[in-house]
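A.B. asks: Chains A and B are the protein sequences, given in the same order.
According to numbering that gives the first Met the number 0, the first sequence is numbered sequentially starting from 0.
According to numbering that gives the first Met the number 0, the second sequence is numbered sequentially starting from 0.
Bear in mind the hints are in silico, worked out from the structure with no lab data behind them.
Model, not experiment: these values are computed from the prediction.
Misleading hints may appear alongside valid ones.
What the hints assert, rightly or not - Here are the simulated lysine to aspartate or glutamate pairs, DMTMM-like style, with alpha carbons at most 20 Å apart:
| hint | chain 1 | residue 1 | chain 2 | residue 2 |
| --- | --- | --- | --- | --- |
| 1 | A | Lys360 | A | Glu300 |
| 2 | A | Lys45 | B | Glu26 |
| 3 | A | Lys360 | B | Asp60 |
| 4 | A | Lys45 | B | Glu79 |
| 5 | A | Lys360 | B | Asp66 |
| 6 | A | Lys360 | B | Asp85 |
| 7 | B | Lys56 | A | Glu89 |
| 8 | A | Lys23 | B | Glu26 |
| 9 | B | Lys45 | B | Asp60 |
| 10 | B | Lys95 | B | Asp60 |
| 11 | B | Lys56 | A | Asp232 |
| 12 | A | Lys360 | B | Glu26 |
| 13 | B | Lys97 | B | Asp78 |
| 14 | A | Lys360 | B | Glu110 |
| 15 | A | Lys45 | B | Glu38 |
Claimed, not checked - Derived CB-CB ranges, DEER-like:
| hint | chain 1 | residue 1 | chain 2 | residue 2 | range |
| --- | --- | --- | --- | --- | --- |
| 16 | B | Gly81 | A | Gly90 | 41 to 51 Å |
| 17 | A | Thr147 | B | Glu5 | 38 to 48 Å |
| 18 | B | Glu12 | A | Phe376 | 38 to 48 Å |
| 19 | A | His245 | B | Glu90 | 47 to 57 Å |
| 20 | B | Gly118 | A | Arg358 | 46 to 56 Å |
| 21 | A | Pro37 | B | Val70 | 32 to 42 Å |
| 22 | B | Asp78 | A | Glu18 | 50 to 60 Å |
Stated by the list, open to error - Stretches of chain B that chain A covers, calculated by requiring three or more beta carbons in the stretch to come under 8 Å of a beta carbon on chain A:
| hint | segment |
| --- | --- |
| 23 | 27-36 |
| 24 | 97-104 |
Backbone N, C-alpha and C fix where the C-beta goes; we use that ideal spot for every residue, glycine too.
So you can see what is in the structure, the chains are spelled out below.
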Amino acid sequence: MSDETTSELKKTPLFALHEELGGKMVPFAGYLMPVQYPMGIMGEHKHTRAKAGLFDVSHMGQVILRAGGYQAVAEAFETLVPMDVLGLKEGRQRYGLFTNDQGGIEDDLMFANRGDHLFVVVNAACKEADIARMKAALEPAVTVTPVTDRALLALQGPAAEAVLSSIVPAAGDMTFMDVATLDAEGVEIWVSRSGYTGEDGYEISVPADQAEAFARRLLAHEDVEPIGLGARDSLRLEGGLCLYGHDIDAETRPAAASLTWAIQKVRRAGGDREGGFPGAAHVFAEMADGPSQRRVGLSPEGRAPMREGVELFAAAEGGDPIGKITSGGFGPTVGGPVAMGYVPSDLAAPGTEIYGELRGKRVPVTVASLPFVAANFKR
Amino acid sequence: MKYTEEHEWLQAEGEIITVGITAHAAEQLGDVVFVELPEVGTEVTKDEEIVVIESVKAASDILSPLDGEIVEINEAIVDEPGKVNDDPEGEAWFFKIKPSDLSPMDDYMDESAYKAFIG
């Protein structure tokens with residue numbers, strides 16, 4: 000994104016509020032987004048785990064798919080993702096992956112059964128390609144409609160339920176991965192109980208012209224602070240959650256990405272609706288044979304963060320790199336460095352000792368179970 | 000007190016110079032989470048990378064402002080890197096150097112020049 004000039008960057012409906020709150024605005028996926036506020040990344044991270052943080056995620060893509068009824072749109076969507084879409088109950092959401100002909104991951108996403116239609120949320124950097132993919136594959140039987148008149152907010156942390164319930168009481172009745180259309184004092188909001196931090200919380204789609212007022216109502220609560228992209232990244236890293244384009248990409252298949260849990264049995268080899276998505280044969284072959292490399296959590300020894308790109312080695316001296324770190328930094332809740340990366344499958348067991356090369360020195364790294372910080376969902 | 004364009008401050012006391020980073024630099028770095036200092040007794044040359052600082056955002060280096068020998072380091076900021084944000088121009092000094100050549104000191108900025116430099 001370094002070639003972007005500020006004038007080409009898009010602004011979310013909360014841009015003026017970010018500036019008023021002292022947000023440090025940076026280019027991200029074609030948008031000017033707050034990377035941090037005056038509290039700072041460390042403070043924002045810890046506040047979200049202790050109370051509640053408000054994130055602007057309006058840069059992400061919201062898309063509605065319709066085809067006469069849920070069953071028809073679900074059947075169509077199953078041709079693009081290896082997930083059980085048909086079996087998803089009304090008012091429920093699921094994590095998904097778009098695959099390509101080689102079984103590589105084109106994007107990760109959330110999709111929800113909202114009764115008569117499918118609601119999809121995709122990554123900002125991939126949204127144009129995702130919309131084009133869905134239109135090319137599914138139209139005209141399915142109508143693919145990007146939602147461009149709504150902001151998307153995330154309210155995350157142990158106080159999120161109490162805060163949102165104080166404005167929208169029904170939000171408290173939802174459990175993890177529920178979705179609902181609720182009334183927030185006359186404003187129609189689309190709520191899911193989910194997020195990208197490992198904490199309990201909500202993602203809330205709000206009409207663009209009501210977004211600032213709604214955000215101000217949430218921020219008026221003493222437990223809520225605005226949180227930038229910096230803490231969003233460290234929170235999701237501690238939560239063991241993938242960042243598309245870093246931990247997973249078009250060359251990564253689900254088994255290597257340690258994401259086979261997201262492929263329900265009914266779509267797997269031997270299932271009632273086996274395959275039927277792009278690259279299914281490659282995805283199944285890798286699941287059967289085992290990937291040569293796989294994504295793992297990594298705990299570097301000492302205090303020095305190991306960031307994306309750091310090469311991993313089997314021994315303290317000599318040998319070729321065996322893998323590399325795809326996301327890494329300091330975990331404020333862990334109180335030390337945390338990372339994710341790819342290692343050969345025979346070195347992927349938690350507890351395995353390997354090395355990362357930092358400024359020419361090999362530093363011990365232990366393969367760790369993910370997440371680093373236990374999830375705090377309301378199930 | 001003298002200042003470098005690398006946002007270090009230098010405080011002379013007899014023939015020893017104490018070096019740290021400015022409050023402006025600490026703010027720009029964000030929360031510091033890791034500091035690696037040179038060993039006492041190391042002979043260093045001007046502009047050599049001798050300190051590594053990692054913040055929540057990124058890694059950066061500190062260059063030696065002078066030729067000389069490292070005579071003391073501040074282990075407290077290795078144990079508690081957050082001190083660099085709390086008191087960068089006081090308690091969180093980085094190292095003390097015994098310079099073999101003091102002439103670069105004349106080129107470094109005084110406080111008013113540094114204030115103008117950072118705008």
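A.B. asks: State for each hint whether it applies.
C.D. replies: Hint-by-hint comparison with the structure:
Proximity of lysine 360/A to glutamate 300/A is assessed by CA-CA distance (about 12 Å); at most 20 Å being required, the pair is judged to hold. With a CA separation close to 19 Å, the supplied pair lysine 45/A and glutamate 26/B stays within the 20 Å bound. Restraint check for lysine 360/A and aspartate 60/B: satisfied, since their Cα atoms lie roughly 16 Å apart, inside the 20 Å limit. Taking the CA atoms of lysine 45/A and glutamate 79/B, the gap is about 17 Å. The hint holds against a cut of 20 Å.
At most 20 Å may separate the alpha-carbon atoms for a hinted pair to count; lysine 360/A and aspartate 66/B exceed this at roughly 25 Å. Straight-line distance between C-alpha atoms of lysine 360/A and aspartate 85/B comes to about 30 Å, which puts the hinted pair past the 20 Å bound. Restraint check: the Cα-Cα separation between lysine 56/B and glutamate 89/A comes to about 41 Å, which exceeds 20 Å; the hinted pair is violated. Proposed proximity of lysine 23/A and glutamate 26/B is supported: the alpha carbons are some 12 Å apart, at most 20 Å.
Taking the CA atoms of lysine 45/B and aspartate 60/B, the gap is near 13 Å; set against the 20 Å cutoff, the hint holds. About 17 Å separates the Cα atoms of lysine 95/B and aspartate 60/B, which keeps this hinted pair within 20 Å; it holds. Taking the CA atoms of lysine 56/B and aspartate 232/A, the gap is near 10 Å; set against the 20 Å cutoff, the hint holds. For a cut-off of 20 Å, the pair hint linking lysine 360/A to glutamate 26/B is broken: about 29 Å separates their Cα positions.
Proposed proximity of lysine 97/B and aspartate 78/B is contradicted: the alpha carbons are some 24 Å apart, above 20 Å. With a C-alpha separation of about 38 Å, the suggested pair lysine 360/A and glutamate 110/B falls outside the 20 Å cut-off, and the hint is violated. Between lysine 45/A and glutamate 38/B the alpha-carbon distance is near 33 Å, which puts this suggested pair outside the 20 Å criterion. Checked against the hint of 41 to 51 Å, the C-beta distance between glycine 81/B and glycine 90/A comes to roughly 45 Å, which is consistent with it.
At roughly 46 Å, the beta-carbon separation of threonine 147/A and glutamate 5/B lies within the given 38 to 48 Å, and the hint holds. Range check, glutamate 12/B to phenylalanine 376/A: Cβ separation about 56 Å, and the 38 to 48 Å hint is violated. Separation of histidine 245/A from glutamate 90/B is about 37 Å and departs from the stated range, judged on CB atoms against 47 to 57 Å. For the pair glycine 118/B and arginine 358/A, the beta carbons lie near 31 Å from each other, so the given range of 46 to 56 Å is not met.
At roughly 38 Å, the beta-carbon separation of proline 37/A and valine 70/B lies within the given 32 to 42 Å, and the hint holds. Range check, aspartate 78/B to glutamate 18/A: about 38 Å between beta-carbon atoms, so the 50 to 60 Å window is missed. For the segment 27-36 of chain B, the stated coverage by chain A holds: 5 residues have a C-beta nearer than 8 Å to a C-beta of that chain, and at least 3 were required. Chain A is given as covering the segment 97-104 of chain B, and this is violated because 0 residues of the stretch bring a CB closer than 8 Å to a CB of that chain, at least three being needed.
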